[in-house]
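Read off the chains here:
Number of protein chains: 2
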Amino acid sequence: MRMKFHEQLDALTDRLASMCRLAGDAGRAATEALVLADLPLAEWVFDLNDQIEELRGPCEDLAMALLALQGPVACDLRQVVTGVHLGADLSRMGGLVQHVAESVRRRHPEHVASGEAEELLSDMGRVAAELAGLAERVLRTHDPELAAEIGRRDDELDDLHRRLLTLIEDPAWIGTVPAAVDVTLLGRFYERFGDHAVVVGRRVIFLVTGEQMTP
Amino acid sequence: MRMKFHEQLDALTDRLASMCRLAGDAGRAATEALVLADLPLAEWVFDLNDQIEELRGPCEDLAMALLALQGPVACDLRQVVTGVHLGADLSRMGGLVQHVAESVRRRHPEHVASGEAEELLSDMGRVAAELAGLAERVLRTHDPELAAEIGRRDDELDDLHRRLLTLIEDPAWIGTVPAAVDVTLLGRFYERFGDHAVVVGRRVIFLVTGEQMTP
Numbered sequence: 001m002r003m004k005f006h007e008q009l010d011a012l013t014d015r016l017a018s019m020c021r022l023a024g025d026a027g028r029a030a031t032e033a034l035v036l037a038d039l040p041l042a043e044w045v046f047d048l049n050d051q052i053e054e055l056r057g058p059c060e061d062l063a064m065a066l067l068a069l070q071g072p073v074a075c076d077l078r079q080v081v082t083g084v085h086l087g088a089d090l091s092r093m094g095g096l097v098q099h100v101a102e103s104v105r106r107r108h109p110e111h112v113a114s115g116e117a118e119e120l121l122s123d124m125g126r127v128a129a130e131l132a133g134l135a136e137r138v139l140r141t142h143d144p145e146l147a148a149e150i151g152r153r154d155d156e157l158d159d160l161h162r163r164l165l166t167l168i169e170d171p172a173w174i175g176t177v178p179a180a181v182d183v184t185l186l187g188r189f190y191e192r193f194g195d196h197a198v199v200v201g202r203r204v205i206f207l208v209t210g211e212q213m214t215p
Numbered sequence: 001m002r003m004k005f006h007e008q009l010d011a012l013t014d015r016l017a018s019m020c021r022l023a024g025d026a027g028r029a030a031t032e033a034l035v036l037a038d039l040p041l042a043e044w045v046f047d048l049n050d051q052i053e054e055l056r057g058p059c060e061d062l063a064m065a066l067l068a069l070q071g072p073v074a075c076d077l078r079q080v081v082t083g084v085h086l087g088a089d090l091s092r093m094g095g096l097v098q099h100v101a102e103s104v105r106r107r108h109p110e111h112v113a114s115g116e117a118e119e120l121l122s123d124m125g126r127v128a129a130e131l132a133g134l135a136e137r138v139l140r141t142h143d144p145e146l147a148a149e150i151g152r153r154d155d156e157l158d159d160l161h162r163r164l165l166t167l168i169e170d171p172a173w174i175g176t177v178p179a180a181v182d183v184t185l186l187g188r189f190y191e192r193f194g195d196h197a198v199v200v201g202r203r204v205i206f207l208v209t210g211e212q213m214t215p
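As you go down the protein sequences, you meet chains C and D in turn.
Residue 59 in the working numbering sits at position 59 of the first sequence; the count goes up by one each step and never skips.
Residue 40 in the working numbering sits at position 40 of the second sequence; the count goes up by one each step and never skips.
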């Protein structure tokens with residue numbers, strides 16, 4: 001019975017890691033679509049997000065089956081409930097990059113952003129996708145060093161975000177208010193994506209060590 | 001044993017409803033702080049958010065105790081897992097209105113927004129707080145009519161949000177880019193607050209009826 005439990009828990013973790021990989025792929029595709037104003041690439045982000053959502057239901061069902069049939073307690077129970085939370089985090093990461101793709105689609109064939117703002121958003125998108133890659137590895141390896149690395153890389157993302165807002169709020173910035181609205185929202189989507197990746201890393205490490213990582 | 005289960009589940013629901021009431025109070029206070037550029041009121045939002053977070057831990061612990069000690073299955077199990085999700089939704093609602101209060105604090109003694117943009121944000125804040133009030137009543141009564149009402153009122157919130165973006169993107173708008181950045185983010189915070197209230201209503205109704213509400 002215990003062996004069966006851990007096999008099923010591994011299956012749950014594997015699906016969560018797949019959701020995370022897809023979120024990273026979607027983040028990369030959305031950012032490339034943004035930089036190239038590439039509509040088919042933006043549409044592909046919607047497909048990737050559908051794939052994330054298709055994994056979410058089975059994750060929740062698997063967690064429910066583990067709770068109902070195996071009656072886990074203590075650490076085993078906490079692992080399953082964490083799996084439930086992780087499914088929600090990863091689904092949200094997919095939703096956030098889909099918002100980036102929606103923005104690309106709405107402005108096509110124009111670019112959503114231009115010049116230095118586009119470059120900073122491109123950097124944010126690159127770091128965000130890397131965070132998802134790190135989170136996937138934390139899910140698969142439970143390595144606390146990698147989880148700490150997510151926190152450090154997320155600081156980099158936050159720094160890029162601050163630079164983005166400083167850029168567009170500078171009186172010398174030549175963009176329009178509608179462009180500022182788009183850039184503000186895109187920056188926010190990437191920032192939130194990074195926050196969720198940090199939370200994924202922290203949840204996994206809390207499970208393994210029983211210790212909260214310092215924010 | 002079953003009676004004990006339902007007593008504990010009622011205690012969980014009661015705490016979730018209290019979190020929801022606090023989120024509504026915080027939403028009202030944050031909006032008043034925004035309109036009055038009132039720093040003490042903004043600080044009070046932080047206190048309210050702390051109270052929300054203080055309820056979240058015990059909610060999660062109660063859900064874990066229900067799962068570990070009562071070994072619920074089927075509908076009972078789904079109710080507890082939904083409680084876990086609801087705790088996350090309500091915590092996020094508190095976080096979003098805290099962002100509004102942070103914005104007030106950052107710009108004080110200046111107003112964050114002015115004129116028609118401030119009026120629309122004030123309307124969004126009022127509707128958002130009402131949505132939290134409806135969500136609290138859905139938690140306490142399980143009334144599907146009230147949950148449907150949340151959806152309708154959230155459409156009103158989305159409409160105010162569209163009007164806000166149309167206003168600031170109009171070439172006739174006299175605001176600056178930094179003001180547009182603030183208004184964009186504030187609009188987004190209220191919109192997301194409303195989305196979470198809708199999800200709270202849907203989760204509760206799904207539990208009671210077993211049927212997904214149409215989006």
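Possibly wrong hints are sitting among the right ones.
Stated by the list, open to error - Derived contacts from chain D toward chain C, CB cut-off under 7 Å, selection only:
#	residue
1	L55
2	L67
3	L167
4	V199
Said to hold, decoys possible - Residues from chain C that keep clear of chain D, each with C-beta distances beyond 10 Å, as calculated:
#	residue
5	F5
6	R21
7	D38
8	F46
9	E60
10	R78
11	H85
12	R107
13	G115
14	E118
15	E149
16	D155
17	E156
18	E169
19	R188
The hints are simulated quantities; they were obtained by calculation from the structure and are not laboratory data.
All residues carry an ideal CB built from backbone N, CA and C; glycine is no exception.
- For R107 of chain C, is the shortest beta carbon distance to chain D beyond 10 Å? Since the minimum Cβ distance to chain D is about 12 Å, R107 of chain C lies beyond 10 Å and the statement holds.
- Item | Proposed interface contact between V199 of chain D and chain C, which counts if any beta carbon pair is under 7 Å | Violated - the Cβ of V199 of chain D stays beyond 7 Å from chain C, reaching only about 10 Å at its closest.
- Check the non-interface label on R188 of chain C: least C-beta distance to chain D beyond 10 Å or not. Check fails; 6 Å does not lie beyond 10 Å.
- Closer than 7 Å between Cβ atoms is the bar; does L167 of chain D clear it against chain C? Give me holds or violated. 10 Å, violated
- Item | Exclusion check [G115 of chain C not at the chain D interface, CB over 10 Å] | Check passes; 14 Å lies beyond 10 Å.
- Item | Distal placement of E60 of chain C relative to chain D, Cβ over 10 Å | 8 Å, violated
- Query: Taking the minimum C-beta separation from F46 of chain C to chain D, is that value above 10 Å?
  - Reply: 16 Å, holds
- Task: Evaluate the condition: distance from the CB of H85 of chain C to the nearest CB of chain D exceeds 10 Å.
- Result: The claim breaks: H85 of chain C does not keep its Cβ more than 10 Å from every Cβ of chain D (closest is about 7 Å).
- Query: Is it the case that E169 of chain C keeps its Cβ farther than 10 Å from each residue Cβ in chain D?
  - Reply: For E169 of chain C, whose nearest Cβ neighbour in chain D is about 4 Å away, the distance does not exceed 10 Å, so it is violated.
- Item | chain C contact restraint for L67 of chain D - C-beta distance below 7 Å | 6 Å, holds
- Exclusion check [F5 of chain C not at the chain D interface, CB over 10 Å]: 14 Å, holds
- Task: Could you check that no beta carbon of chain D comes within 10 Å of the beta carbon of D38 of chain C?
- Result: Non-interface label stands for D38 of chain C: nearest chain D Cβ at 24 Å, farther than 10 Å.
The earlier numbered hints that this structure contradicts are 1, 3, 4, 9, 10, 11, 18, 19.
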